[in-house]
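Colleague: Here's the letter readout for the chains.
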Amino acid sequence: MSGLIVDDVSMTFELPGGGNVEALKNIKLDIKEGELISVLGPSGCGKTTLLNILAGFLAPTGGEIMLGEHRVIGPSSERGMVFQQGALFEWMNVSKNIGFGPKMKGTPQAEINNRVTELLDIVGLQEFGQKMIYELSGGMQQRVALARCLANDPDVILMDEPLGALDALTREKMQSLVLDIWKKTGKTIILITHSVEEALLLGERLIVMAPRPGRIHKQYYLPFAELGVGADLRVVKQHEDFGPKRDEILNMIWDMEEEIMGRTESA
Amino acid sequence: MVQELIDVLVTTFWMVIGITLIFAIFLGVSALVYYVWNFINSKKDQMRGYASLKTVTFGDESSVTANRVASVAGVVTVFLIWMIATGSNLLPFKILPVPFIGDTQFEYTATNVAGETDSAKVQVRVTKFGDTNAEKLVAPETSDGFAKDDVVMVQERRAKLLRAQNNDDGGKEKGYRVTAVNGQPIDKNQTVEIENGTVLMTGAGSLQVRPYTGPTMEALYLPPPEQVWTRFLQLNAEGYQGVGLWENVMWSLIRVVLGFFLGCLFGIPLGFAMGLNSWLRGWFDPIVEFMRPVPPLALIPLVIIWFGIGEQGKVSLLFLAALWIMIIGARAGVSGVNISKVHAAYSLGATKSQLLSKVILPNSLPEIFTAARVAMGVCWGTVVAAELVAAEKGAGKMIIAASKFQLTDIVIIGIIIIGVIGFGIDVLMRVAENKLVTWKGRG
Chain V
1 MSGLIVDDVS
11 MTFELPGGGN
21 VEALKNIKLD
31 IKEGELISVL
41 GPSGCGKTTL
51 LNILAGFLAP
61 TGGEIMLGEH
71 RVIGPSSERG
81 MVFQQGALFE
91 WMNVSKNIGF
101 GPKMKGTPQA
111 EINNRVTELL
121 DIVGLQEFGQ
131 KMIYELSGGM
141 QQRVALARCL
151 ANDPDVILMD
161 EPLGALDALT
171 REKMQSLVLD
181 IWKKTGKTII
191 LITHSVEEAL
201 LLGERLIVMA
211 PRPGRIHKQY
221 YLPFAELGVG
231 ADLRVVKQHE
241 DFGPKRDEIL
251 NMIWDMEEEI
261 MGRTESA
Chain F
1 MVQELIDVLV
11 TTFWMVIGIT
21 LIFAIFLGVS
31 ALVYYVWNFI
41 NSKKDQMRGY
51 ASLKTVTFGD
61 ESSVTANRVA
71 SVAGVVTVFL
81 IWMIATGSNL
91 LPFKILPVPF
101 IGDTQFEYTA
111 TNVAGETDSA
121 KVQVRVTKFG
131 DTNAEKLVAP
141 ETSDGFAKDD
151 VVMVQERRAK
161 LLRAQNNDDG
171 GKEKGYRVTA
181 VNGQPIDKNQ
191 TVEIENGTVL
201 MTGAGSLQVR
211 PYTGPTMEAL
221 YLPPPEQVWT
231 RFLQLNAEGY
241 QGVGLWENVM
251 WSLIRVVLGF
261 FLGCLFGIPL
271 GFAMGLNSWL
281 RGWFDPIVEF
291 MRPVPPLALI
301 PLVIIWFGIG
311 EQGKVSLLFL
321 AALWIMIIGA
331 RAGVSGVNIS
341 KVHAAYSLGA
351 TKSQLLSKVI
361 LPNSLPEIFT
371 AARVAMGVCW
381 GTVVAAELVA
391 AEKGAGKMII
401 AASKFQLTDI
411 VIIGIIIIGV
421 IGFGIDVLMR
431 VAENKLVTWK
441 GRG
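So the sequences go chain by chain: V and F.
Residues in the first sequence are numbered consecutively from 1, following this note's numbering.
Residues in the second sequence are numbered consecutively from 1, following this note's numbering.
For the record, the hints were derived by calculation from the structure and aren't laboratory data.
It is possible that some hints are incorrect.
Unchecked claim - Footprint (simulated), chain F over chain V, 3 or more residues, beta carbon under 8 Å:
1) 72-79
2) 98-110
3) 127-137
Claimed, not checked - Calculated lysine-lysine pairs in the DSS-like style (CA-CA distance at most 25 Å, straight line):
4) F/LYS435 to V/LYS96
5) V/LYS184 to V/LYS32
6) V/LYS131 to V/LYS183
7) F/LYS352 to V/LYS105
8) V/LYS105 to F/LYS341
Idealized CB from N, CA, C, for every residue including glycine.
So that you can see chain V by itself, here it is in the shape it has in the complex (with noise of 0.2 Å):
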């Protein structure tokens, strides 16, 4: 296992109308490993294309990314990803979802119901692995996700919102379990959100993006991460300093969508 770094990643492409995009330009990243990041940004700010970029579903314009000594050059298990949903394979129990990675790779089978069955006890599903995906709620759900992601020790797990479509209390029960997954498994782990407190709670590491073109804006470093791994998530959001941080970030994004609105209006 190794850092990651984004070295210098521009994205443009065409539209078919005629004209070029911008989604992303001149990223530099240096993630260490273990890092718990989290990327906040307007819509359109080219965050959903530089996780694409980072899973190999998308190959950058220019730049590179290395994953240790090795170039990024598409999809692999070393970089799991977990979805915001609809990603489960439905004809599958819970048990064979999870086990899917280990099996790909030929792992024999006693191992991977091993395997299946630690991750079963650490996203709290241990009943469930018999239980096909449909008979499961969106919080199970992205239980199984993120166990199906675990299951092949990749070096840096992402996130594309993976939260985003739970209701408020489920969304704070996974917001721990994620916190207590870095803390017990030394992930680097990137997440992509749209909530400001979500990205405040969940990133060691909080990058700000900004749109047209796409590019980092502010880099934070907070201790909240730290300090909500297996406590109340809802005493961490008191700490002095949270309330303060969730309005300077909110302002500065509300400042970009305005921005981009009105170039529209008048465009």
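Based on these hints, arrange chain F on the given structure of chain V.
Modeller: Frame of chain V; chain F shown alone:
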């Protein structure tokens, strides 16, 4: 051209009237049964399920389920209408008047060349259709005057020409003519009502006797249920034209299964190829899009020219009928895969072939099953049509052969069996789908 178009429009207009009438009767019976059923049920205490507590049902499709009482009553009504229309013996009493069978008579008056008039009796015996053993009426030896009595034998629902004057004295002279029936004057192309029938004077001056037929349908057009059932038992035991009933059906089924199997064998991989590769999609796209709207029946002549009327031709036709549907189903299945699932599989270390077998294939099963159900339906329809054109054995061949001998009962048996088997195939496909695609529509 314009006249033909007008004729078609007029015919259509009358069809609209006719169809409206039939529906009105059918819906009227439906409403009647509905109120009777509700009246009977209103006296019972009913369990109140969740659905029964809904106040908004009109517009809430989920609260509309097929009422099985209505289904049964509807089918029974169809049989009742069938029985009434054909004057079936299964009914305890006849609702519509039945055609006259038995003896009747009338009297005709003739005027000879000299201007004298005389009258004579005609005995009419109406026999059951096809009854060749009925006792013949015997012509009376003599009668008074120059007009002589006649006898006429006529079959149920048929008309018979009677040359009443042939045996009359001077009846063959020019100027001798019949002037009245039962005392009522008659002229060419006029009719006179007699007891249990009518008498028509033809353009040539002869009399035509038509016994009363009533409004019921003749077996030639629609046989009553019991006749169909008897014929079914006979077919079941003896077959038709040397081929057993079930042998005919089996042959149709074998063709369908073979053609459908070939269509799946080639169609599903082709559909996948079109869903997974731009070049192959481009390559096959024009062919598939062109062939898809061509009805398989339009290919029958070409298939006969190419392969003759043997099994090869029919199986090829069914293969073509199923192929395009399966290609499009499989292609739609691939394009229906959520990109997140594909990305997830690759991120979990799946190879292309693993992605195909573990993600794309299961994910497209619902679409493939839908296509397979459509393909099976089309194949079943096509095989019957193909057999109508040319076949040694088969359900379609049986009904077209029977229709040439006006064996309407066999035609109806064929139609019922074809319908039941088509329905059975669909039910089987749905059962298979529910077993294999448990996750469909959920998640």
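Colleague: Look at each hint and say if it fits the structure.
Modeller: Structure-based check of each hint:
no.	hint	verdict
1	72-79	holds (count 5)
2	98-110	holds (count 4)
3	127-137	holds (count 3)
4	F/LYS435 to V/LYS96	holds (19 Å)
5	V/LYS184 to V/LYS32	holds (17 Å)
6	V/LYS131 to V/LYS183	violated (28 Å)
7	F/LYS352 to V/LYS105	holds (13 Å)
8	V/LYS105 to F/LYS341	holds (18 Å)
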